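Q: Here's the letter readout for the chains.
Protein chains: 2
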Amino acid sequence: MKLANMVGERFKDRPSDCVIDSHAFSVRGGYIKYVANGIYSLYPPMKRVTAKIENIIREEMDAADSQEVLFPVALPGSLWEESGRYESVGEELLRFKDRNDTPMVLGMTHEEAAVHMVREWGNTYAKYPFSIYQIQTKFRDETRPRAGLIRVREFTMKDAYSFHTSQEDLEKYYDVMANSYFRIFERAGIPEVISVKSDSGMIGGNVSHEYMLLVDAGEDSIVLCDECGYSANMEAADTTVDNTGCSPAKPIEKVLTPHCKTIEEVCTFLGAKVEESCKAVVYQKNMTDEYVVVFLRGDYEVNETKLTNLLKDKVHAANITPECGLVAGFCGPYKQEAKCEIIYDKSLMGIENLVCGGNEEDYHYTGLNIKRDIGDVEYVDVAKIRTGDICPCCGKKTIRISRGIEVGNIFQLGTKYSKSMGMTYTDIDGSVKTPIMGCYGIGVGRLAASVMEAKHDDYGPIWPITIAPWQVHLCCMRPDKDECKAAADNIYSELQKAGIEVIYDDRNVSAGIMFADADLLGVPVRVTVGPKNLANGQIEISTRDKSVKKLVAVDDAITETINLVNELFETINSSVRPRK
Amino acid sequence: MKLANMVGERFKDRPSDCVIDSHAFSVRGGYIKYVANGIYSLYPPMKRVTAKIENIIREEMDAADSQEVLFPVALPGSLWEESGRYESVGEELLRFKDRNDTPMVLGMTHEEAAVHMVREWGNTYAKYPFSIYQIQTKFRDETRPRAGLIRVREFTMKDAYSFHTSQEDLEKYYDVMANSYFRIFERAGIPEVISVKSDSGMIGGNVSHEYMLLVDAGEDSIVLCDECGYSANMEAADTTVDNTGCSPAKPIEKVLTPHCKTIEEVCTFLGAKVEESCKAVVYQKNMTDEYVVVFLRGDYEVNETKLTNLLKDKVHAANITPECGLVAGFCGPYKQEAKCEIIYDKSLMGIENLVCGGNEEDYHYTGLNIKRDIGDVEYVDVAKIRTGDICPCCGKKTIRISRGIEVGNIFQLGTKYSKSMGMTYTDIDGSVKTPIMGCYGIGVGRLAASVMEAKHDDYGPIWPITIAPWQVHLCCMRPDKDECKAAADNIYSELQKAGIEVIYDDRNVSAGIMFADADLLGVPVRVTVGPKNLANGQIEISTRDKSVKKLVAVDDAITETINLVNELFETINSSVRPRK
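These protein sequences, in sequence, are chains A and B.
Residue numbers for the first sequence follow our numbering, so the first one is 988 and each next one is one higher.
Residue numbers for the second sequence follow our numbering, so the first one is 988 and each next one is one higher.
Rather than coming from a laboratory, the hints here were simulated on the basis of the structure.
Keep in mind the model is a prediction, meaning the values are calculated, not measured.
There could be a bad hint or two in this list.
No copy is singled out in the list; a pair is fine if it fits within one copy or between any two copies.
In silico PhoX-like pairs for lysine-lysine, Cα to Cα no more than 20 Å straight-line [unchecked claim]: (1) K1125 with K1084; (2) K1034 with K1125; (3) K1358 with K989; (4) K1114 with K989; (5) K989 with K1034; (6) K1248 with K1301; (7) K1299 with K1442; (8) K1260 with K1237; (9) K1519 with K1272; (10) K1034 with K1084.
Using the sequences and the hints, build the whole thing.
A: Here it is, written out as structure tokens:
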């Protein structure tokens, strides 16, 4: 393709609304066009990148014996009522009515559609296991779309669903899929993706993993242990706090703490350690407005997803009214008389001498010993893990928190959907059973943007050749000079004949514009035909990552270019792990 | 792929709700799964057929220098307000509001999104012409979806949009696209598709063509002339009626016609020819409820699309109230005093002695001579053309009406969208101009179903090899016999190594079930490994269309199969017209 004809503008200045680099390059490089909040059109370069990613995904899914199908984007609400999600999912599920007033939804995931597709067919054990997938448009009505294609409302996603007759069989396939996922990311040029144990959230099920690309601009926090290789997302990481060496027990005593509102202020005023204080965080349950008070060590924060999972209900920050009995800012567990649910976080375990709220304006207790003063309580884990905390795997104080982008996820769903939607099969012994499911997702556009985020310099993306929009970017400097134009035209035609994908810039523009555009398109191999080198019988071949830059004889240019393209492919493909 | 593992059921009995054969085979063959009215999931065989069709379309669009892009499915209503279609399109445009109460629509075509994408980029003449396309999900909230994938609410469509600086340039590209369309249908195995001049309807513009596959089950009527090759759809075909040889003029006279309601009853009662009668059809305009009376020859019907185009407003059957002044059943043009718009169809031209309504209960006029009794009136063409009518092209009475399915359409849009949406470019002389557009659509699923409708026998589809879900259907009769299984397994493996797409049936089922399933999958080449032939060292190779059926030596089976596959491809591809 000739660059002169390609639709989409490239420009120099970073748009002011782009916070992360990949978003800025997506706009500046003519990859995406903003249509509405979280909704973009894709220009040819991004369409080409996503098509290549889709092909890699398709090959890996096919190799994992998953069968490609297609579910609708618009689904009847009744199907989501079967699973209970029509009610349970929030406003991110876009609901609407068609011209006959029938409730419909735009599919955000397709568990219901998958069960619906195979519910009758999968009626006997002999047909199991099986797996189906689609690559299709999804819609999630996100509150805050951001960062270009990273968090959008409409996106193309590969979603696969597997069906099994035993947990063991699901786990076996889950491993195959986990391996396929690593292969997909390796083939797409980001072998550094790690898998982390995660919370299953709205999808349901028990075991799940997220595939994380660690980049500073990532919107997720990931818990890592460099010592043993442990990784998890924040919700899934057990927080273990070491309280050995705490002060010995003292009598409990109510003390005046005027004007001390935060736990830090109280501890400073009393000369106590924050690590020996008991902080209260007050919530209300979304469904009942019932108060929930979480007590945890003063220097920890509540992880609200852990809390939601524990309560099986979402919560919001409490509106503490005079009638509720809680004293805002002075809430403590000792002689707490308000009607509320009380939760003790594990971070308080083993501390014998705590500062805590006095349940009276301007008063706190010192010397609280929970076991002695309150009795045996149940400790649960609802605290956010922190850098330096104890690794739940190897037990060392080696936890590190990194930022990352979730580029894929896999779930062991269990029977949540098959059971609620009445899918059964007859087992070999004639008994009727419910199949066990897994599901497996990758957002195509997000993956493209993530690669851009992980692989770029100051001037634009550096695409891995496996997913680059083109393989070779051919620049003809001075196309007004016949010999330049003829040499470049010949290379264009010969490379295309050899099956190489070439973007050809023969515009009559300055070298500055030509190279800036080439940097923004990020094509891995660049061939530059210029009058000076050509006068010496030479053509320049370089790579976008600057690792190669050489002059070759005109006669060798085509072979050298093809060899370089093949080498780049080989470098990526040779490091992909074998299929399981 | 092994048939035993493939999701989707095949069964024997025709579903009672399937009117046309392709719909019945789509359901019986495990191609589609009903999800909601006009909304289907696609099982692997149909997904494979549509993917192949998409690839053919993609290759032809790329060859026509159209650039693949992707527009969103969910679009902001504001974009459709720019073109005026947010208001003007009916309920088939699905409108909804997102969580922020922003009006949105589901894209049914993407003219607005196309202009939005290139509006800034296409700001200078030097960038023209250019063309963009996408293959993406569309939604049209049809009142009456029917016939499986032929008329659905959600579907995958290729839609292309071209931009030009002159009408001549548009016409040049329109011809290129017309040729690409023929190539697409030829490559998909339906070279018999014809292009017909059509009415542009909601899309707008002046010149447009529909690509029609002539099948008895088609939902469209097509006007053909076998004499000169003229073709058009019903709306686009001018109706010319030959009224030579009519009775001479007589005086006008009011006559009692008791109990005669229809024009046929009146003519019978009066002993007049229906061909010399003037029928009234009464409508009301949708927007104003104003009455519109169409007078036309008694034996013709009104084509309401022609009428709508003439009035620039949709109409509905009239509710004739006592106050409106029209006399239901006795409405005539002479001394017509009701407040209404009167339209004279061309079919009345040249008749000098007409029977018409008397504008009074139970009365008609005879001897009406419009020119003499009413004066000079304007005759327009709003009548439905009929078999035996005069061909607008060659003038012979050779018109024939056939049934067909519209499998594609192309439009010369003019400046309808570019103008309303404020897209301009600076011409070479510095003047600011509005680009001229074309648009070009093909429904992928409908094309698949249409091929099935055109190419089938009593037992299932007969897929052209270019779009068949697989190229070879391998049947292993008696897989319980080791020698059969081993021979078939070997063929399966060798054919796959040779790059042939094989569906392999090694189920332990009866020959009846095995062949019925193979017929329903319609794969063009069948290889059957059976114990009897194998004992003679032979394997059977046949084609789905029964043109080939032969026994070959086991050692030759693989080569012979590959040759047959190649021959089938060659037969189709060699007859595809060259690219323009």
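Q: Give a verdict on every hint.
A: Here is how each hint holds up against the structure:
1. K1125 with K1084: Classified as both: same-chain Cα gap 18 Å, cross-chain 17 Å, threshold 20 Å.
2. K1034 with K1125: both (16 Å within a copy, 18 Å between copies)
3. K1358 with K989: neither (76 Å within a copy, 64 Å between copies)
4. K1114 with K989: So K1114 and K989 pass the 20 Å test across copies only (12 Å; inside, 51 Å).
5. K989 with K1034: within (16 Å within a copy, 33 Å between copies)
6. K1248 with K1301: Close neither inside one copy (27 Å) nor across copies (70 Å); limit 20 Å.
7. K1299 with K1442: neither (40 Å within a copy, 56 Å between copies)
8. K1260 with K1237: Cα proximity of K1260 and K1237: one copy only (15 Å, versus 117 Å across).
9. K1519 with K1272: neither (73 Å within a copy, 73 Å between copies)
10. K1034 with K1084: neither (31 Å within a copy, 28 Å between copies)
Figure legend: structure checked against the earlier numbered hints; hints not met, in rising order: 3, 6, 7, 9, 10.
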